[in-house]
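Q: Following the numbering used here, the numbering of the sequence shown begins with 3 at its first residue and continues without gaps.
Each hint should be verified, as a subset may be incorrect.
As the list claims (entries may be wrong) - The following label-pair restraints were derived from C-beta to C-beta distances:
{"no.": "1", "residue 1": "D43", "residue 2": "K165", "range": "41 to 51 angstroms"}
{"no.": "2", "residue 1": "E21", "residue 2": "K165", "range": "27 to 37 angstroms"}
{"no.": "3", "residue 1": "V144", "residue 2": "T74", "range": "42 to 52 angstroms"}
{"no.": "4", "residue 1": "T126", "residue 2": "E84", "range": "34 to 44 angstroms"}
{"no.": "5", "residue 1": "V144", "residue 2": "S167", "range": "21 to 31 angstroms"}
{"no.": "6", "residue 1": "R25", "residue 2": "D108", "range": "11 to 21 angstroms"}
{"no.": "7", "residue 1": "D29", "residue 2": "G160", "range": "40 to 50 angstroms"}
{"no.": "8", "residue 1": "K77", "residue 2": "L159", "range": "28 to 38 angstroms"}
Claimed, not checked - No farther apart than 27 angstroms at their CA atoms in a straight line, the calculated lysine-lysine pairs in the DSSO-like style are these:
{"no.": "9", "residue 1": "K103", "residue 2": "K36"}
{"no.": "10", "residue 1": "K83", "residue 2": "K36"}
{"no.": "11", "residue 1": "K22", "residue 2": "K83"}
These aren't lab readings, by the way, just hints derived from the structure by calculation. Just so you know, even glycine gets a beta-carbon here, dropped at the ideal spot from N, CA and C.
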Amino acid sequence: MGQILASVQEKLHGKQWKEKQIRKITDRAFSQIKGDSISRDGLTFEEVYIAVLCVYNDINKHLPGPHHDPPTKFKLRSIMKEYDVNLDGLLDREEFAKFIKKLTIDTLNAVSWDLIVAVVLAPTMALLTKRATEGVPGVGKVVQRLPSSVYASVITLGVVLVKKSTEGCE
3 MGQILASVQE KLHGKQWKEK QIRKITDRAF SQIKGDSISR DGLTFEEVYI AVLCVYNDIN
63 KHLPGPHHDP PTKFKLRSIM KEYDVNLDGL LDREEFAKFI KKLTIDTLNA VSWDLIVAVV
123 LAPTMALLTK RATEGVPGVG KVVQRLPSSV YASVITLGVV LVKKSTEGCE
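Between the sequences and the hints, there should be enough to build the whole structure, so can you do that?
A: Spelled out as structure tokens, the structure:
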């Protein structure tokens, strides 16, 4: 029981929990790519590129929203130089964790914002505007008969569809 409460309390502290999750992902990717090569302490550019592709594959597979493309090799090379503190051409575990955090921050923020819009803002606005639409001739009677949960779901679905249709225009 104590472990469950500790887990719930940990998840309520959002930023710390998110940092731990990102660290778990980077540690897993680092260990998976590094594998048996114990001859050196870090990842080469080619290994970093493969790790970034794996991380973005996981992001696209597990998080809702549009497909997020990984950065180009040119951009990765320049960012890798920025995070290679000891200038050995390799990224150790700590450098790699900071590197991945820098790369994915914009993607994770976009996914978070999409979730907030779809789960919180759209249903809230739908319920707030329901009363206003009840006075509209023709539509008002239909809106009055709909349960609030159905009305909020229809409006939320509309918002998500409009957002999805405009994503291709950018």
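Q: Now tell me, hint by hint, if it's right for this structure.
A: Verification of the supplied hints:
no.: 1; hint: D43 x K165: 41 to 51 angstroms; result: holds (44 angstroms)
no.: 2; hint: E21 x K165: 27 to 37 angstroms; result: holds (28 angstroms)
no.: 3; hint: V144 x T74: 42 to 52 angstroms; result: holds (50 angstroms)
no.: 4; hint: T126 x E84: 34 to 44 angstroms; result: holds (41 angstroms)
no.: 5; hint: V144 x S167: 21 to 31 angstroms; result: holds (24 angstroms)
no.: 6; hint: R25 x D108: 11 to 21 angstroms; result: holds (18 angstroms)
no.: 7; hint: D29 x G160: 40 to 50 angstroms; result: holds (41 angstroms)
no.: 8; hint: K77 x L159: 28 to 38 angstroms; result: holds (36 angstroms)
no.: 9; hint: K103 x K36; result: holds (18 angstroms)
no.: 10; hint: K83 x K36; result: holds (19 angstroms)
no.: 11; hint: K22 x K83; result: holds (25 angstroms)
Checked against the numbered hints given earlier, the structure satisfies every one of them.
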